[in-house]
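Colleague: Please model the complete structure; the sequences and the hints are all you need to start from.
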Amino acid sequence: MENMVNVYFSGKRYSVPADLTIMTAMEYAGYTWKRGCGCRHGFCGACATVYRIKGKNELKTCLACQTQVEEGMYVASIPFFPTDKRTYDIEEIKADQRIMMELYPEIYSCIGCNACTKSCTQDLNVMQYIAYAQRGEFEKCAEESFDCIGCGCCTVRCPAGISHPHVGVLARRLTGKYIAPKTEHLANRVEEINKGGYDELIEQIMQKPITEMQELYNNREIEK
Amino acid sequence: MYTPYPENMMESIKKVEATRAERMSTEPRRLTADEKDALLKEFHPDYNPDAFAEIKVGPNKGQKAPLELAEMLHSTSRIADENIDITKIDYDVDVLVIGGGGAGSSCAIEAHNAGADVMIVTKLRIGDANTMMAEGGIQAADKENDSPVQHYLDCFGGGHFAARPELVKRLVMEAPDAIKWLNELGVMFDKDADGRMVTTHGGGTSRKRMHACKDYSGAEIMRTLRDEVLNRQIPVVEFTSAVEIIKDEKGQAAGAVLLNMETGDYSVARAKTVVIATGGAGRMHYQGFPTSNHYGATADGLVLGYRAGVPLLYQDSIQYHPTGVAHPVQIQGALVTEKVRSVGAQLVNANGEAYIHPLETRDVNASGVIRECREGRGVEAPSGQQGVWLDTPMIELIGGEGTIEKRIPAMFRMYMNYGIDMRKVPILIYPTLHYQNGGLEIDGEGFTKTIPNLLAAGEAAGGIHGRNRLMGNSLLDVIVFGRNAGKKAAAKAKEVELGTMNLDHVAGYAEELKAADIASGEVSPKLLPQYARHER
Chain A
0 MENMVNVYFS
10 GKRYSVPADL
20 TIMTAMEYAG
30 YTWKRGCGCR
40 HGFCGACATV
50 YRIKGKNELK
60 TCLACQTQVE
70 EGMYVASIPF
80 FPTDKRTYDI
90 EEIKADQRIM
100 MELYPEIYSC
110 IGCNACTKSC
120 TQDLNVMQYI
130 AYAQRGEFEK
140 CAEESFDCIG
150 CGCCTVRCPA
160 GISHPHVGVL
170 ARRLTGKYIA
180 PKTEHLANRV
190 EEINKGGYDE
200 LIEQIMQKPI
210 TEMQELYNNR
220 EIEK
Chain B
0 MYTPYPENMM
10 ESIKKVEATR
20 AERMSTEPRR
30 LTADEKDALL
40 KEFHPDYNPD
50 AFAEIKVGPN
60 KGQKAPLELA
70 EMLHSTSRIA
80 DENIDITKID
90 YDVDVLVIGG
100 GGAGSSCAIE
110 AHNAGADVMI
120 VTKLRIGDAN
130 TMMAEGGIQA
140 ADKENDSPVQ
150 HYLDCFGGGH
160 FAARPELVKR
170 LVMEAPDAIK
180 WLNELGVMFD
190 KDADGRMVTT
200 HGGGTSRKRM
210 HACKDYSGAE
220 IMRTLRDEVL
230 NRQIPVVEFT
240 SAVEIIKDEK
250 GQAAGAVLLN
260 METGDYSVAR
270 AKTVVIATGG
280 AGRMHYQGFP
290 TSNHYGATAD
300 GLVLGYRAGV
310 PLLYQDSIQY
320 HPTGVAHPVQ
330 IQGALVTEKV
340 RSVGAQLVNA
350 NGEAYIHPLE
360 TRDVNASGVI
370 RECREGRGVE
380 APSGQQGVWL
390 DTPMIELIGG
400 EGTIEKRIPA
410 MFRMYMNYGI
420 DMRKVPILIY
430 PTLHYQNGGL
440 EIDGEGFTKT
450 IPNLLAAGEA
460 AGGIHGRNRL
470 MGNSLLDVIV
480 FGRNAGKKAA
490 AKAKEVELGT
500 MNLDHVAGYA
510 EELKAADIAS
520 GEVSPKLLPQ
530 YARHER
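So the sequence lines, in the order shown, correspond to chains A and B. So for the first sequence, numbering that gives the first Met the number 0 puts the first residue at 0; every next one is plus one. So for the second sequence, numbering that gives the first Met the number 0 puts the first residue at 0; every next one is plus one.
Hints listed in this document are in silico derivations from the structure and should not be mistaken for laboratory results. Each hint should be verified, as a subset may be incorrect.
As the list claims (entries may be wrong) - Taking lysine-lysine pairs in the DSBU-like style, the calculated list, with each CA pair at most 35 Å apart, reads:
| hint | chain 1 | residue 1 | chain 2 | residue 2 |
| --- | --- | --- | --- | --- |
| 1 | B | 207 | A | 139 |
| 2 | A | 84 | B | 486 |
| 3 | A | 176 | B | 493 |
| 4 | A | 223 | B | 40 |
| 5 | B | 423 | A | 223 |
| 6 | B | 190 | A | 139 |
| 7 | A | 139 | A | 84 |
| 8 | A | 139 | B | 142 |
| 9 | B | 493 | B | 179 |
| 10 | B | 493 | A | 84 |
| 11 | A | 223 | B | 405 |
| 12 | B | 40 | A | 207 |
| 13 | B | 190 | A | 93 |
| 14 | B | 63 | B | 35 |
| 15 | B | 63 | A | 207 |
| 16 | B | 142 | A | 207 |
| 17 | A | 84 | B | 87 |
| 18 | B | 60 | A | 33 |
| 19 | A | 139 | B | 405 |
| 20 | B | 142 | B | 405 |
| 21 | A | 181 | B | 142 |
| 22 | B | 207 | A | 181 |
| 23 | B | 35 | A | 223 |
| 24 | A | 176 | B | 405 |
| 25 | B | 142 | A | 176 |
| 26 | B | 190 | A | 223 |
| 27 | A | 84 | B | 179 |
| 28 | A | 176 | B | 491 |
| 29 | A | 117 | B | 190 |
| 30 | B | 190 | B | 405 |
| 31 | A | 181 | B | 405 |
| 32 | A | 59 | B | 405 |
| 33 | B | 207 | A | 93 |
Modeller: Quick look at the structure:
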C-alpha cells in the first residue's frame with residue numbers, strides 16, 4: 000500500500016499518495032484543471048494556492064505544481080485575482096521617479112508589514128523591490144524582482160492594494176530599454192543586414208547542394 | 000556528509016566525484032557524422048516503428064505520424080453534433096490570432112502596429128505557453144566573429160539538412176533585429192558593463208550566440224510581450240479555444256468557431272486573415288514520455304489546420320530534450336535547461352564516465368542518454384526511472400562560486416524545493432518530450448500552403464528547423480515568424496473580400512473518415528490532457 004496522506008480541497012477530504020504535488024493530488028482525486036494550472040513547472044504563476052495545515056494557525060502561499068502534499072493540508076486555489084495593471088506607452092515614458100508616482104501611486108501607501116515578502120512563492124524580497132521602486136531605483140528593483148513569475152500571492156496579501164508584479168514589470172522594462180547600456184555590436188549587425196551586406200552570401204549558401212552543405216557542416220570550425 | 004539522495008545514487012556519485020578532476024581537464028570528443036547517424040538510428044525514439052501510424056485521410060494521407068497525433072487527425076470534430084449558427088457573428092476583426100504565447104503575442108503587436116483591428120483568442124491565459132518556460136536563451140548572429148550565414152549552417156546542418164531554405168533564411172537574417180526589437184521593448188538581456196551581450200554555446204552551435212536573461216529567458220520575453228499587448232489594449236479572449244476554422248466559398252479562411260472552456264458555449268469570430276499560433280504537442284505524451292511542455296500543448300492548431308486542408312510537414316519528427324528531470328518524482332519530466340551544459344556541466348554515466356560531448360545536438364544527446372540507460376550504465380531513481388548524471392558541481396569549479404545562483408537561478412530554486420543542492424551534488428536526468436519539429440507547412444512569407452489568408456507561426460508551423468531544432472532557435476522562431484505573420488496578416492487583410500462563411504470542409508472531412516471506415520471514438524482537437532483519475 001502506498002504511503003497516503005489526507006488533504007482537503009476546498010474543505011473536502013481526499014486520501015492521496017504522499018509523493019504527489021498539490022496539482023497532481025487534485026487530479027488523483029478526480030479533478031480536471033481549467034483555471035489554476037499553467038506550465039506545471041514553476042514558471043508561469045497560474046497555480047497560486049493558499050493552504051493551512053490542520054491545527055496550525057499560519058496561512059501559507061505556494062505554487063500547486065511545485066509543492067508536495069502534507070497530512071492535514073487545507074488547500075484553496077486562487078485561479079484569478081483582480082490585480083490592477085496600468086497601461087502606458089513604453090516609447091513615451093521616462094525612467095524617472097515620477098513615472099511610479101503617476102502609474103502606481105499606491106506603492107507609497109506601503110505600511111511595511113512585509114506580508115508580500117512572506118507570501119512570495121519564489122522567496123523574493125518583495126517589499127525591498129517595492130522600496131526600490133518608490134525611490135526610483137529601477138535597476139535595483141528590476142534585479143530584485145527578476146525571478147518574479149507573477150503568481151500574485153503578494154498582491155492577495157497586501158493591505159495597501161499594491162499589484163507588485165506589475166510594478167516589477169514596469170521597472171524591468173524601463174531598465175531593459177532605457178537604463179542598461181546599449182549594445183553596439185547588435186545595432187551594427189542589424190544595420191549591415193538592412194544594407195544588404197549578407198544578401199549575396201545567404202543566397203549562395205541557400206543554393207548549395209546538400210552534399211556540399213554536409214561537407215561544410217561536418218568540417219566547420221567550432222569556437223572554443 | 001551531504002546525502003540528499005538514496006544510497007544507490009550516493010554510491011554512484013562517489014564514482015562521479017572520483018573522475019571529476021580528470022574530466023575537468025579534458026573535453027569529450029565530438030562524434031563523427033557517421034557515429035551520430037548510427038546512434039540516432041538505434042536509440043532515438045523517432046526511429047521506433049511501433050510508435051507511428053499511417054495517416055488515412057487528408058493532405059498527408061499515406062504518411063506517418065505519432066500514434067497519438069494520428070488518432071486526433073482521425074477523430075470527429077467537436078462541433079459535429081452541435082447546432083451552431085455561424086451567421087451570428089460575435090467578434091468581427093481584420094486579424095484573428097489563435098494562441099497567446101510568444102508567436103501569437105508578437106504577431107498581435109505587429110498587426111496592431113500596422114493599423115489592423117486584431118484580436119487574440121487563447122485556450123488558457125495569455126502567456127500560458129511554452130515560450131514562458133523556455134529557459135536557456137535565444138540565438139542571433141550579432142557578434143563580430145559570427146554571421147547570419149554561419150547561423151544558417153548550424154541550423155540547417157543541426158536539422159539534418161531537411162529545413163526549408165527560405166524559412167531558415169528568414170530565421171537567421173531577421174534574428175538580430177528580433178533581439179533589438181525585444182531589447183527596445185524592455186527585455187533585460189544579460190550584458191556586460193559595456194553593453195556587450197553575454198553569449199554562450201548551445202548544442203550544435205559553432206559560435207557563442209546564445210543570448211539569455213539568466214535562465215528565465217522565455218519568461219522575461221513573454222511577460223514583456225504580454226505587458227505590451229495589454230498596454231496596446233489589444234483584445235485578448237482568454238479560456239477560449241478555436242475548435243474549427245471557418246472558410247468561405249472561395250476557399251479562404253473566414254474566422255473560427257470558438258469554445259468557452261469554462262461554460263462550454265460556442266461563439267463565432269469572423270476575420271479577414273487568421274493566424275494559427277497554437278504551439279506544440281508535449282501534452283500528447285508521445286511514446287509515454289513525460290514532457291517539459293505547458294498544460295495546453297495538445298497540437299490543437301495542427302488538427303484545425305489539417306481539417307481545413309493545410310498539409311503538415313515533418314509531423315513524424317519530435318524533439319526529446321536530453322535533460323529532463325529524472326529525480327525527484329514530483330518534477331519528473333521538467334526541463335533542465337541546456338544552459339546547464341553551456342556553463343560547464345558534463346553528462347556522466349553511472350560509472351563516472353563522460354561518455355559524450357555535452358553540446359552535441361539535442362537528438363544526439365538524447366539518444367546517448369537512452370543508450371547509457373538501456374545498456375546498464377544508468378542510475379535508478381526510487382521511482383524506478385533510470386537516468387544519467389548532469390555534473391553540476393563542475394559549473395562552480397569552472398565559473399567560480401556563485402555561478403549557479405547567478406546564471407541558472409530557476410534550476411537552483413527548482414531543486415532546492417526538494418532539498419537538492421546542485422552546487423554540491425550532480426542531478427539525475429532523462430530525456431523529456433520537448434518540441435514538435437514539424438507542423439503546418441508554410442511558405443517563405445509565413446502563409447499556409449493551401450489557404451491564401453491563413454498563416455501559421457511558432458511551434459505550430461513546420462519546416463524552419465528541419466528534423467531537429469537547436470537550442471535558442473525556438474524563442475527566435477516565435478519572435479521572427481510571429482512578427483512576420485502579424486505584418487503579413489495585417490497587409491493581406493486590406494485586400495481580402497470575404498464571401499459566405501461555411502463549415503463545409505468539416506462535413507467533407509467527416510465524409511472522408513467515413514469512407515475510409517475510420518472511427519477513433521474520440522473528438523478533436525484535444526484541448527486538455529486527461530490527467531484526472533476517476534475511481535469508477
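Colleague: If a hint holds in the structure, say so; if it does not, say that too.
Modeller: Evaluated hints:
1. B:207 to A:139: 28 Å, holds
2. A:84 to B:486: Roughly 27 Å between the alpha carbons, so the hint for residue 84 of chain A and residue 486 of chain B holds.
3. A:176 to B:493: 33 Å, holds
4. A:223 to B:40: 29 Å, holds
5. B:423 to A:223: Satisfied, since the Cα-Cα distance of roughly 27 Å is no more than 35 Å.
6. B:190 to A:139: Holds, at about 15 Å.
7. A:139 to A:84: At roughly 21 Å apart (the allowed maximum being 35 Å), residue 84 of chain A and residue 139 of chain A satisfy the hint.
8. A:139 to B:142: Since the Cα atoms of residue 139 of chain A and residue 142 of chain B sit roughly 28 Å apart, the hinted pair holds (cutoff 35 Å).
9. B:493 to B:179: Holds: residue 493 of chain B and residue 179 of chain B sit about 28 Å apart, inside 35 Å.
10. B:493 to A:84: 33 Å, holds
11. A:223 to B:405: 22 Å, holds
12. B:40 to A:207: Holds - the C-alpha atoms of residue 207 of chain A and residue 40 of chain B are around 26 Å apart, at most 35 Å.
13. B:190 to A:93: It holds: about 21 Å lies between the C-alpha atoms, which stays within 35 Å.
14. B:63 to B:35: 23 Å, holds
15. B:63 to A:207: 29 Å, holds
16. B:142 to A:207: Roughly 25 Å between the alpha carbons, so the hint for residue 142 of chain B and residue 207 of chain A holds.
17. A:84 to B:87: 33 Å, holds
18. B:60 to A:33: 34 Å, holds
19. A:139 to B:405: 15 Å, holds
20. B:142 to B:405: 23 Å, holds
21. A:181 to B:142: 14 Å, holds
22. B:207 to A:181: It holds: about 20 Å lies between the C-alpha atoms, which stays within 35 Å.
23. B:35 to A:223: 21 Å, holds
24. A:176 to B:405: 22 Å, holds
25. B:142 to A:176: OK: residue 142 of chain B and residue 176 of chain A at ~20 Å, within 35 Å.
26. B:190 to A:223: The given pair, whose Cα atoms are some 20 Å apart, holds under the 35 Å limit.
27. A:84 to B:179: 25 Å, holds
28. A:176 to B:491: The given pair, whose Cα atoms are some 31 Å apart, holds under the 35 Å limit.
29. A:117 to B:190: Holds, at roughly 31 Å.
30. B:190 to B:405: Judged against 35 Å, a Cα distance of about 13 Å means the pair holds.
31. A:181 to B:405: 22 Å, holds
32. A:59 to B:405: 27 Å, holds
33. B:207 to A:93: Roughly 33 Å separates the two Cα atoms, so the pair holds.
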